[in-house]
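Residue numbers (our numbering), protein chains in the order written: chain A, 1 to 136; chain B, 1 to 123.
No wet-lab data here; the hints were simulated from the structure.
Warning: the hint list may mix true and false statements.
To be verified - EDC-like mimics (lysine to aspartate or glutamate), calculated; alpha carbons at most 16 angstroms apart, straight line: (1) B:K43 - B:E59; (2) B:K43 - A:E132; (3) A:K116 - A:E25; (4) B:K43 - A:E25; (5) B:K117 - A:E54; (6) A:K127 - A:E111; (7) A:K92 - A:E135; (8) A:K92 - A:E132; (9) A:K116 - A:D31.
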Amino acid sequence: MLPAFFSAAAGAEKAVTRVLIAEDEFLLRLDAAESMRRLGWEVVEVSSGDEAMELLRYSVTFDILLTDIDMPGQADGLDLARYVRSTYPEMKIVIMADESEAALIDPQLLELVIAKPIWNVGEILAKLVEAERNED
Amino acid sequence: MKTDDAETILVASSDTLQRSMIAKYLRECGYSVIEATGFEDAKIAIGHYQVDVVVSDTEMQDGTGFDLSTHIRSRHLPIEVILTQSLVKTAQVAGDLCEQGPLEQPYHPQRLVDEIKRLRAFR
Numbered sequence: 001m002l003p004a005f006f007s008a009a010a011g012a013e014k015a016v017t018r019v020l021i022a023e024d025e026f027l028l029r030l031d032a033a034e035s036m037r038r039l040g041w042e043v044v045e046v047s048s049g050d051e052a053m054e055l056l057r058y059s060v061t062f063d064i065l066l067t068d069i070d071m072p073g074q075a076d077g078l079d080l081a082r083y084v085r086s087t088y089p090e091m092k093i094v095i096m097a098d099e100s101e102a103a104l105i106d107p108q109l110l111e112l113v114i115a116k117p118i119w120n121v122g123e124i125l126a127k128l129v130e131a132e133r134n135e136d
Numbered sequence: 001m002k003t004d005d006a007e008t009i010l011v012a013s014s015d016t017l018q019r020s021m022i023a024k025y026l027r028e029c030g031y032s033v034i035e036a037t038g039f040e041d042a043k044i045a046i047g048h049y050q051v052d053v054v055v056s057d058t059e060m061q062d063g064t065g066f067d068l069s070t071h072i073r074s075r076h077l078p079i080e081v082i083l084t085q086s087l088v089k090t091a092q093v094a095g096d097l098c099e100q101g102p103l104e105q106p107y108h109p110q111r112l113v114d115e116i117k118r119l120r121a122f123r
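Please model the entire structure based on the sequences and the hints provided.
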């Protein structure tokens, strides 16, 4: 059986929550990814908005985009969020930002802002997913 | 031979699709896997974590696998470094590691190659 997050692109049944994390700070990204893998989620890591958009163009889809706001390359976190919102409107968008950055973000662009630095991303996102399920 | 020890493998590649799938495959074989998107990430990983094996692309966006190998050797770290130059070779390396890994191989590594090629054809 192939990894669920890629098989799903071919129409296979979705098995677990799939997250795309875009964060250029390696240790923050690794910690966040591991905290979500411990929940049994599928996590794909990229270090820039450009990489994330490249991956999304392969028609690989995710349930949640978790992105830093400030990243190197042509597309920052807001560009990535706009792309995802317009192309994959069903994806939940969570942006990691500091307080001053968070104040400038259009609330229509995302489901949640979490303040950096943060070390318990998995726990926070698990609550988000649980809340979504309860609404359904 | 299967063992209970989950070794840590660092997968260093700037190719997101390939890196993610190889890393996922190795996790399914029971390894602890760290993903580095390039040379600088790989250096940080080696400085912060006990890594047993590095599987690195020869060319990455911010350095080469040879640079990474030199970095590891200069610090006399007991890390096996495997440099790969193509998707097929990387999948073969992952398959070989999987054969030696703590868990049974979930599927043949050629399927990784086929799936990555299929996804690339989407563009």
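These are the hints, each one checked on the structure:
1. B:K43 - B:E59: Distance of about 15 angstroms is within 16 angstroms: holds.
2. B:K43 - A:E132: 39 angstroms, violated
3. A:K116 - A:E25: Satisfied, since the Cα-Cα distance of roughly 12 angstroms is no more than 16 angstroms.
4. B:K43 - A:E25: 13 angstroms, holds
5. B:K117 - A:E54: Measuring from Cα to Cα gives roughly 15 angstroms; hence the hint holds.
6. A:K127 - A:E111: Holds - the C-alpha atoms of E111 of chain A and K127 of chain A are around 12 angstroms apart, at most 16 angstroms.
7. A:K92 - A:E135: 14 angstroms, holds
8. A:K92 - A:E132: 10 angstroms, holds
9. A:K116 - A:D31: Between K116 of chain A and D31 of chain A the Cα gap is close to 13 angstroms, so the pair holds against 16 angstroms.
Violated hints amount to a single one, hint 2; each of the other numbered hints is respected by the structure.
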